[in-house]
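Got chain B; can you put chain C on it based on the hints?
Protein chains in written order, with the numbering used here: chain B, -3 to 417; chain C, 197 to 531.
Treat the hints as calculated values from the structure; they're not laboratory data.
Do not rely on the hints blindly, as some may be mistaken.
Subject to a maximum C-alpha distance of 20 Å in a straight line, what follows is the list of computed EDC-like cross-link-like pairs (lysine to aspartate or glutamate) [to be verified]: (1) C:Lys320 with B:Asp181; (2) C:Lys318 with B:Glu178; (3) C:Lys318 with B:Glu196; (4) B:Lys233 with B:Glu196.
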Amino acid sequence: MLYQMSGSIAVAKAIALCRPDVVPCYPITPQTHIVEHLSVLVKSGQLENCTYENVESEFASMSFCIGSSAAGARTYTATASQGLLYMMEAVYNASGLGLPIVMTLGNRAIGAPINIWNDHSDAMSVRDAGWIQLFVESNQQAVDVHIQAFKLAEALSIPVMVNMDGFILTHAITRVDLPEQEQVDQFLPPFVPRQKLDTEAPLSIGAMVGPDAFTEVRYLAHHRQKEALAIIEQQAKEFAKIFGRDSGGLVKSYFSEDADIVLVAMGSVIGTMQDLVNDLRNEGYSVGILSLRSFRPFPANAICNALKNAKQVIVFEKSFAVGMGGILASEIHMATQRFVGDKLIIKSVIGGLGGRTITKKSLRKLIDSANKNELDDEVFMDLDGTTVVRELKRQQEEQSSGPVAENILRDIGVVSASKTH
Amino acid sequence: MTKKEQPATDEQMIKFYQTGTFTVGNRLLDEEFRTVQATSERSNSIDSGHRACQGCGQALGARYALDTAMRVTDNKIIAANATGCLEVFTTPYPETAWSIPWIHSLFGNVASVASGIAATLKAKGDTTTRVIAQGGDGGTTDIGFACLSGMFDRNDDVLYICYDNGGYMNTGVQRSSATPGGARTSTSMPVGEHPGSSFTTGKFLPAIAMAHEIPYVATASVHDLHDLERKIEKAMSFRGARYIQINVPCPLGWGSEPAKTIKLARIGVESGLVPLFEAEHGDLTNSTKIRYQVPVEEYLQLQRRFAHILKPANVDQLETIRAIAEKNIKRYQLL
Chain B
-3 MLYQMSGSIA
7 VAKAIALCRP
17 DVVPCYPITP
27 QTHIVEHLSV
37 LVKSGQLENC
47 TYENVESEFA
57 SMSFCIGSSA
67 AGARTYTATA
77 SQGLLYMMEA
87 VYNASGLGLP
97 IVMTLGNRAI
107 GAPINIWNDH
117 SDAMSVRDAG
127 WIQLFVESNQ
137 QAVDVHIQAF
147 KLAEALSIPV
157 MVNMDGFILT
167 HAITRVDLPE
177 QEQVDQFLPP
187 FVPRQKLDTE
197 APLSIGAMVG
207 PDAFTEVRYL
217 AHHRQKEALA
227 IIEQQAKEFA
237 KIFGRDSGGL
247 VKSYFSEDAD
257 IVLVAMGSVI
267 GTMQDLVNDL
277 RNEGYSVGIL
287 SLRSFRPFPA
297 NAICNALKNA
307 KQVIVFEKSF
317 AVGMGGILAS
327 EIHMATQRFV
337 GDKLIIKSVI
347 GGLGGRTITK
357 KSLRKLIDSA
367 NKNELDDEVF
377 MDLDGTTVVR
387 ELKRQQEEQS
397 SGPVAENILR
407 DIGVVSASKT
417 H
Chain C
197 MTKKEQPATD
207 EQMIKFYQTG
217 TFTVGNRLLD
227 EEFRTVQATS
237 ERSNSIDSGH
247 RACQGCGQAL
257 GARYALDTAM
267 RVTDNKIIAA
277 NATGCLEVFT
287 TPYPETAWSI
297 PWIHSLFGNV
307 ASVASGIAAT
317 LKAKGDTTTR
327 VIAQGGDGGT
337 TDIGFACLSG
347 MFDRNDDVLY
357 ICYDNGGYMN
367 TGVQRSSATP
377 GGARTSTSMP
387 VGEHPGSSFT
397 TGKFLPAIAM
407 AHEIPYVATA
417 SVHDLHDLER
427 KIEKAMSFRG
437 ARYIQINVPC
447 PLGWGSEPAK
457 TIKLARIGVE
467 SGLVPLFEAE
477 HGDLTNSTKI
487 RYQVPVEEYL
497 QLQRRFAHIL
507 KPANVDQLET
517 IRAIAEKNIK
527 RYQLL
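In isolation and in its complexed conformation, chain B is listed as follows (with noise of 0.2 Å):
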């Protein structure tokens, strides 16, 4: 049924509708309106047989779905930014320990300086953690992809983490059509955990495991995560049969296959690429883009596919590792030195961070830069140069020269001129 709602409420219905057995969760923006909806839907008993437990840390929390989990039970969170970082170790823990729970990131940047809105360096900050992490670029999407995650971890018994940008999707109220109940169970069927804490038949979960079979275990992680990028497809074929839309899937080209220069991006950028290139292809430029779905696993030979043709591949991020660079873009080096070789050009751009604008008009600034190959290899996009030079000036004339965050809001006007320093 067609419903304008914003996208956390709808992300709320979507995890009902997937019957949670537990859901413990902890405040923080902007993630919070999911949770806040499914305590309604619980205590008004609109979601039946289900725990919910507003807990008193993310550390708590994701402990909280650790045992919830490993007791049988189909278990969700949410968190964002600095609630990820502060259940990080229980993070880890949960796909170590092969346990198939369903978080959303309401991705938003990580502090400090402290910043609630939303950029994707908290979902970068867990790359390596083991856990299935999907990206999805409207709130349809995030319904859409909810449920698939529940039927894609229990299938490995692996977590999943679905990335929803924050304020960008989940503040933003927009037509979303909410799938039946029937449809809903039809697709995902009761959770049969592949290991349980049960005392008819009782078993040893998290045992030290020491040189002799450590390389085993985490070996087989990677495999399962291998296997998904199968089964990844094969559940959004099989979710389009039944609801009647396309919305999964490891990748989704957007005339990638045919254009020279490709957009590389994750997330509701997305939506503003995609106003981008129908303007310019009707211009005559030859652009696509190819948007990552499946960040983990990383869907390398999906990727080098669609960049088959490209001559140029600028991959945009709301995210890089400091002293390095892009993320996303060395991964996509990476990925496509093996299939397509030195040929294809890679540019790294940074944007949005912070929750910093994305304007259709400095995207076309890249694409005009990239056309006439003058884009440089890494580019943080909207950069206030004069800024960054000024608090650099200070540094150097002065050792103590104070805190740069507060520095630089002075020289742009945040903070009251009358201060003085």
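Showing chain C alone in chain B's frame:
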């Protein structure tokens, strides 16, 4: 046992003190008063063959606690374990000493993991299976403190057992917030002006648990296993969050003879340094009276971790420890 035959109060009518040493063999008791361990029907929740040190107080305490819980719940126990000695010595891959469903996740999250298990049982309508969380004092009073407090606050249906040996013994005897003042650890060596662990205000978790007003709090000691079993049984008669802290001597960390574990546990209690009591919903309901009070020196001199305290130069530390014992005796009405 009919009600008439049952010991009327916590002060049991049976006298366990046969020899003046506070010990009594099971075989001297009527069958119904023997410990769970004395019966062939015991569950052996922690089976033999594990790798605890000789004289380990924790292995003893855990075995009695778990087997008792198994008996009173008709073998319906799921246990979660914090990282630490108990976890390590029971589950060296590919072996496990646990014959019950058991999970280990992390060092600081066992209370939350147990809460998650209890939440699943609630969601599935399983009212017979019960959950036990267990950890050492470091995993309880330090790194696991927030999760434990959250579990208390929500009154989750979990019995948390802390095996208190006063330090991080598994990692090589470092100081925890449960380490007694003055004790030598590898991060509080007996050097400098104030040798050993500093005398801080401490973090006595049973009192903190009481402040949460959870249904049941108790302290126990491995020298009195009947009392430990009784407290576990009582804890299992409550629903909601329960906390039992068991005093478990550690020969490695305390620098004591393995053969002295039971004696140390006993005189720790008899000196007043380890108060044994019970509390319900935040109120003290029972304390175990000291029968033959012993001076704290008698307790300290059996442990190398306190060797420096008995030297004349550190008499002020000895006085401080005496004062702690006296305060306990007064606060928990131990005499």
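Hint check results:
For the suggested pair Lys320 (chain C) and Asp181 (chain B), the alpha carbons sit about 19 Å apart, so the restraint of at most 20 Å is met. Restraint check: the Cα-Cα separation between Lys318 (chain C) and Glu178 (chain B) comes to about 26 Å, which exceeds 20 Å; the hinted pair is violated. Pair hint Lys318 (chain C) plus Glu196 (chain B) holds up; C-alpha atoms about 18 Å apart against a cutoff of 20 Å. For the suggested pair Lys233 (chain B) and Glu196 (chain B), the alpha carbons sit about 38 Å apart, so the restraint of at most 20 Å is broken.
Checked against the numbered hints listed earlier, the structure breaks hints 2, 4; every other hint is satisfied.
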